[in-house]
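Fit chain Y to the supplied structure of chain V, relying on the hints for placement.
These protein sequences, in sequence, are chains V and Y.
So in our numbering, the last one in the first sequence is 110, and the numbering has no gaps at all.
So in our numbering, the last one in the second sequence is 183, and the numbering has no gaps at all.
Keep in mind that the hints were calculated from the coordinates and are not lab data.
Errors might be hidden in some of the hints.
Listed next, with one range per pair, are the computed distances between beta-carbon atoms [what the hints assert, rightly or not]:
id: 1; chain 1: V; residue 1: 96; chain 2: Y; residue 2: 140; range: 48 to 54 angstroms
id: 2; chain 1: Y; residue 1: 146; chain 2: V; residue 2: 104; range: 45 to 51 angstroms
id: 3; chain 1: V; residue 1: 107; chain 2: Y; residue 2: 170; range: 24 to 30 angstroms
id: 4; chain 1: Y; residue 1: 79; chain 2: V; residue 2: 52; range: 24 to 30 angstroms
A quick note: this is a predicted structure, and the numbers were derived from the prediction, not measured.
C-beta atoms are modelled at their ideal positions from N, C-alpha and C, and glycine is treated no differently.
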Amino acid sequence: MITLNHYLIVSAILFATGTAGVFLRRNVITMLLSIEIMLNAANLALVAFGRYYGRVDGQIVVFFVVTVAAAEAAVGLALVISLFRHRESLDPDAFTRLRW
Amino acid sequence: MLFFYALAAAAVVTSLLVIGQRNPMHSVMLLIASFGALAGLYVLLDAPFVAVIQIIIYTGAILVLFLFVVMLLNAPREDVPEDAARRLRLHGPRRVGAVLAAVLAVELGWAVWATFRAGAAPAFEQGEGVAQAVSSVRRIGQVLFTEYAFAFEVTSLLIIVAMIGAVILAKRRTDG
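Just chain V, with the same shape it has in the complex (with noise of 0.2 angstroms):
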């Protein structure tokens, strides 16, 4: 029988990992794809609590975060072209000042 447990523990450890990602990597790209994995576990978690309480309040939460999700990809790689055409990285570490 699956439970609504079994949906949280599955979001918490994609959360975990996208935590994970975060620290770990020295990649901007990547740690844009990490905050997207957050954001998922978040979905998850969204949605399996509507299909336990039977509303549909949770899925348009959803709606809104991949909205959100969109916005800030869209944000986040514009910057990144614009430190990369700077810089010639993607090492975070390379970007310590904020002028040039």
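Frame of chain V; chain Y shown alone:
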């Protein structure tokens, strides 16, 4: 039940592989597989609408955007510092990060376990009515455009701001 375990295992394993890759291109490809498995989990949760937007918006739009940027920058490898001293300095923070992530996983698992320890594990209602009520796109639309109408409108503002911001940030400077 078998479906759940297969899809959950696929989602977790591919996500772990995403953060294990040095090549961002492979990371994006594995993340597409991971999101496909998650879409399957949404179907099991009677949420076909979310499963479809997961595939169309997430894998179809957001990850393709990532793919474009990875190809555009053409930087297939993560930079490894040449000098040994700098490389050594990276080990400390990395170890701390790994420990912190492991602690977070244990904490979240413990929180789920402790919350539901008192009663039986909360099972999903199996009735046909609940499944239909939750999976109805008509119902989602009705609630979205009545209760959440303001949030929906604000979302459009957010997208315009993000679009303008992205164009300004990525624009090549003509003056210098």
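Against the structure, the hints come out as follows:
Remark: the range hint 48 to 54 angstroms for residue 96(V) to residue 140(Y) is upheld by a beta-carbon distance near 53 angstroms. The hint said 45 to 51 angstroms for the Cβ distance between residue 146(Y) and residue 104(V), and at roughly 49 angstroms that hint holds. Look at residue 107(V) against residue 170(Y): about 28 angstroms separates their beta carbons, and that is inside 24 to 30 angstroms. For the pair residue 79(Y) and residue 52(V), the supplied restraint of 24 to 30 angstroms holds, since their beta-carbon distance comes to about 29 angstroms.
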